[in-house]
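Listed below, chain by chain, are the residues.
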Amino acid sequence: MTLALIVLLPFLGSLCAACLPASARNAEAWLAGIVATGCAALAASLFPEIAAGHVVRLSIPWLPQAGLELYLRMDGYAWLFTLLVSVMGALVVLYARYYMSPRDPVPRFFSFLMAFMGSMLGIVLSGNLIQLVVFWELTSITSFMLIAYWYHRPEARHGARMAAIVTGGGGLSLLLAVLMLGQIVGSYSLDDVLAAGDLIRAHRWYPAMLVLLAAAVLTKSAQFPFHFWLPHAMAAPTPVSAYLHSATMVKAGVFLLARLWPALAGTELWFWLICGGGAASLLLGAASATFQRDMKAVLAYSTVSHLGLITMLLGMNSELALIAAVFHMMNHATFKASLFMATGIVDHETGTRDLSRLSGLRHAMPLTATVAFVAAGAMAGVPLLNGFLSKEMFFTESLQAGGTGGLGIALPALAGLAGVFSVAYSLRFIHQVFFGPPATALPRTPREPTRGMLLPSALLVLGCLLIGMLPERTVGGALAIAAHALLGDRLPDYRLAIWHGFTASLLMSFVALAGGTALYVVLYVRGRALRRTPLISRLSGKRGFDVLNVTIFRGARRFVRTAFSQRLQVQLLLIVGAAAVAALLPLWRGGLAFGDAPLTPLDPTFAMLWLAGAICAVGAAVQAKFHRLMALIMVGCVGLVTSLTFAWFSAPDLALTQLTVEVITTVLILLGLRWLPRRIQFQEPLRHTLRARLRRSRDAAFAIAIGVGMAALAFAMLTRPGASRLGPFFLQNALEPAGGRNVVNVILVDFRAFDTLGEITVVGIVALVVYALLRRFRPAAESIDVPRAQREGLIGGGAHADPRALLPEGDLKIPAVLGRLLLPLAALVSVYFLLRGHDAPGGGFVGGLILATAMIVQYMVGGALWVESRLRIHPQVWIALGLLAAVAAGLAAWFAARPFLTAQVLELHAPLIGTVHLSSVLLFDLGVYLLVVGAALLMLVALAHQSLRSPRRELPGAVDGAAL
Amino acid sequence: MQPTFTWSGVAPALPEIYLAAAICVLLMVEVFFGERRRGLTGTLTLLAIAGGAALTLACAQVDARVTLFSGMYVADPLGTVLKLFAFLFLALALLYSRAYLEQRDILRGEFYVLALSALLGVFVLVSANSLLSVYIGVELLALSVYAMVAFDRTSGVAAESAMKYFVLGAIASGTLIYGMSMVYGLSGTLRLDDLAARLTEAPSLGLVLGLVFIVVAVGFKFGAVPFHMWLPDVYHGAPTAVTLFIATVPKIAYFALAFRLLAYGLGGLTGSWTQMLAVLAVLSLVVGTVIALAQTNIKRLLAYSAVANVGFLLLGFVAGTPTGYGAALYYMLAYVIVTLAGFGVVVVASRRGFEADELEHYKGFHARDPMLALSMMVVMFSTAGVPPFIGFWAKLRIIEALWETGHLWLVIIAAAASVVGLFYYLRVVKLMYFDAVPAGLPATEKRTGVRFALGLNALAVLALGVVPNPLLELCERLLG
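These protein sequences, in sequence, are chains G and U.
Be aware that the first sequence starts at 68, since it is given in this note's numbering, and climbs by one per residue.
Be aware that the second sequence starts at 178, since it is given in this note's numbering, and climbs by one per residue.
Among the hints, erroneous ones may be present.
[As the list claims (entries may be wrong)] Computed footprint of chain U on chain G, listed as stretches where at least three residues anywhere in the stretch have a Cβ under 8 Å from a Cβ of chain U:
| id | region |
| --- | --- |
| 1 | 227-237 |
| 2 | 616-625 |
| 3 | 643-652 |
| 4 | 1004-1013 |
[Claimed, not checked] Examples of chain G residues lying across from chain U (beta carbon under 8 Å, computed):
| id | residue |
| --- | --- |
| 5 | Val201 |
| 6 | Glu826 |
| 7 | Thr828 |
| 8 | Val829 |
| 9 | Ile832 |
Because the hints were derived from the structure by calculation, they are not lab data.
For every residue, glycine included, the Cβ atom is placed at its ideal position computed from N, Cα and C.
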């Protein structure tokens, strides 16, 4: 439970802090301080158990499917780190209380700081690798927020984003590595992974996994070649730099390396990857640090270098080196955080961190100078300070790790060189800031800071001194516990002491001290401004990062411009093309032969018919954009050919229906066309360029290819023996039991009566909608042009026929007479078709269309006013009656206790007439008939009334169309 | 056999029947009261949704699988859960978009009726057990959505997008039914369970061809590359309230489409369609991620992010195992929850005459509206797959499923795409939190109810990420 509390406490504190008002600086600081010390106390309370070598565990089921549980695990190593994180946290909180200006919004700062602390503790205490990744990413997010704390500064935003992307990318790489580890071991639990070292090292995925893991830890710990983000992260407030970017977050990488050391280390690859990355960072960081002007940049590069030292130690595959690495993690945290705090004090009190402007501050702030002096000594590795101890261990290890070959000389040489640089920059840091003549042109007058700021720094320096002088008494126990937790039985003999006798490593230490001093003197005396790092200043990861960033964005834009378009034509082309390619791929391999079903012999007449139809179809497509009337006529021809085709293949019923549908739709569309411009004139100048022609030819070729392909595919499918067909079922059942010879009609009114009922309802609704939509429609002024024939006096008209006259005058007289004679005849024919529909071609639908066509003829010839003043058919009523009749036919079945729409037959034996065969099917068909007539007429009325409404302005004497 | 209707033969389909009835009633209400009381239909719709959810829950099939209407319709736990989620998501989408519609004078009953009929399409698809009902569901959904895109009749861009969507969608529907006809012709059955039983031996070339066309249609519906062209245009052109709808609720239907049609019905051809989907998924991941970088409009950015996410979702199907389908379901739900919050913020942040759809408009958003900015940040982090948000687990489950089936390359591509994705998601966060507020932006909408719902939604993204187990377990149980 204590473990859960350690992780939860900071998050709870973070929530509370976020809710406090912006001015509550003291309350925030107290809250954060209590949380941090609370965590430290909780960790300390576990000391007896940890010291006894136990591992404290806590597991809560979280995600059993993925083998995940919330598993906290504290052994000696984790305990040491927990203590480090929480104690440093407490000190930083104290420092930040006085560092942050009253104008800064503190709740955000402390809230994120505590969230970070919680995440860091989560990493440290995770007993499960996936969970570790979660916390790992959380530290990236909180670090992003904290670096960008002063978000009005551009460098803060840039630095934050860079840090987040680099470490976030590293986090994903870690996730992959962890997933691989989990697959290799079969569990994500840390215990299992640590126990399966041999299995992991022998696995074929080991190299890939290790590369990914190395990428993750190198990014997190700011190691070469990913080190560039750390100096830019220095835009953060100094407490953040002290806490995240020296003491804790950057340690997460090396922490993990050490954590997994027993399972992963011990191979050549490990040595080259880890030790190589560390060595490069060690040297590059130290060299760069020597030449920085900004105090924080010196510390940032020095951090890169020191973390490189730790990484190198971890890469050496030796147990002693591991212990030295853990020891140096502690030491580095103490002196580097203290130096950051001192830098913050200088910045806070003088207003600048520029080494070339600062000078002689020891007069104004002697205490700060002392503290910084000691801490820098520890950083340089001066004897009697803690840095000396771990650095000497490092030298010893570097002498042994390389073996006897060239590496045996290269490693110590490299270590020594880095040591020289390290002394030089430490010296420069102290000498330029605190010694020399007092600086004059500073933004603020320097003075000693408040005690609250000095105290944490001083405490840390005290730690440096104590550890440096009495290592075994102070940290010896803790280090032993941590080392035991990591290594278990493999723990080698080691001794923390100041004096090991005259050894090669002692010599190296002194050479480094002397060399560093000499180097600094040379550089200082030569008076060069030390502006740029020689040789390697061009080797900037930041530049690479920026170039990559910009390239990705530019490349994306270019890709969008070239590969995609917002034009529909292009989109269609791409989609259809992709579908075609997808369909061609399987064909490519197998090829699709045409089937062997017998083909209907081809009749030349029929072929000619279809040729004509095809030409009309193509013509309609071509003309659709330019001349609608012509297109409509050609579509009509296509319909005619279709109708003939049905007749050809012995489907008179379909042919009849198709024909009537063609007629009525053509007329209705014609009425609508009246309100569209007849021809479309294209003004586009680009229409006739070569490019446009090429594009159109390409589209045409593509369309033809796709069409032919689809036809071929359909043919290939149709010529195969198919599965069971529906046709025979209907043919067998149409006459008996359904009782009709016209199978199509029987399907419509009997087998699929429910569908038909739905369809006629839809037709009725559509008619009503058309009527409702056009009720208030007024055509645009430019479309009410008088037709050319009328304008030139070829035909009379323009004015509407007088509704009172029996026959219209002029050209339309004879058509009017013929049309009226046709009406009763058509009505008779339509009823005939309705009645015979069940056994012979015909039916309600066809019948209704015939009557509707006859009515349309009346409208066309007589004009809307004339017809409607005599019309006794009210379309709405017909629609309603039709639907009612159809439903009644369905309901009739209920009286015979049969399901809805079951056909009912009544045989009447009437005298004289003989037997009358009455079926509810007939009633249903009557419903269809009525509805079709009503719907067609209603649409007609709606369209026809447009012609009345528009010319109203010119003809004030005419009857108002809206009144009808 | 005399087909008869009995209560038990209809009861499992009650949600659909109820929904159809509700649509009719709402239409009538709109006709008679719509002009006088503008918001009435909207309110009634939300009530109808609540009632529908209760009804669905009441007649839920707990662990049985029942087929109705001659095997056209199936009621099973998966269907029930998906329907309940669809109700929830639709309710949220309508809630967020109400003020938006009101300010632009398009708060009409038809919007709600169209949304409900789209929902009915979703339901039909979710419960489809026949190629025909699949097709009917797809079309009902698509036709409603086309009309919704063009709902703001005064907007030329919206009309253009609707037109494009319609034309391209018609082609997709054509390919779908073309493929279905081939499959039917060669297998002789429309029922998906029969199909699953019959297609067991190695597929013939004709079947593979039919499958290609079906996969093309599925890819189009999802918006997978190279059939994604409509998606950014429609997301961008449609009124944001409609985009919010399109981006969320239909995804359930498309998941159902892929699952019922491919994973279940054509399960015998898994080997073939996983390969095709793998190509689509990889292309979507790469293209979606890369192109999103170049966007300056947040609706387009989210559209390309949707393309990339679809790539991820399809990877779940590529695994071809129940674990993979479960992961895909979880991914879909997670994606919809996150997207609801994302577009919800865009909708709530816009005012009349100000669409809040350019990235520019989000500069310094934190200073203008901290709560919305926080929600958006949660959305961005979750979409980027950063723990502990829900998006992380979704991605993790997909990757694990792929891992189990040995698709190492796909895993690597997916992870690489996620890294690039970090760039643009973080860019939005940076804009919102670290840039200066440009002058002249109107204040955001301040209705408490909507903001409360939106806040809960964003909180859910976090909470379901911290406690991912219940939802994950549900998904696994449904498809395990």
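So, going through the hints one by one against the coordinates:
Only residues whose beta carbon comes within less than 8 Å of a beta carbon in chain U count, and the region 227-237 of chain G has 6; three or more means the coverage holds. Counting residues of the region 616-625 of chain G whose C-beta sits closer than 8 Å to any C-beta of chain U gives 6, which meets the bar of three, so the coverage hint holds. For the region 643-652 of chain G, the stated coverage by chain U is satisfied: 6 residues place a CB nearer than 8 Å to a CB of that chain, which reaches the threshold of 3. For the region 1004-1013 of chain G, the assignment as covered by chain U is violated, since 0 residues bring a beta-carbon within under 8 Å of that chain's beta-carbons and 3 are needed.
Among the interface hints, the one on G:Val201 holds; its C-beta lies about 4 Å from the nearest C-beta in chain U, closer than the 8 Å criterion. Checking G:Glu826 against chain U: minimum C-beta separation of about 15 Å lies over 8 Å; hint violated. Because the beta carbon of G:Thr828 sits about 12 Å from the nearest beta carbon in chain U, more than 8 Å, this interface hint is broken. At about 13 Å, the closest approach between the beta carbon of G:Val829 and any beta carbon in chain U exceeds 8 Å, and the interface hint on this residue is violated.
This hint is violated: G:Ile832 has a C-beta 11 Å from the nearest C-beta of chain U, more than the 8 Å allowed.
Checked against the numbered hints above, the structure violates hints 4, 6, 7, 8 and 9; every other hint is satisfied.
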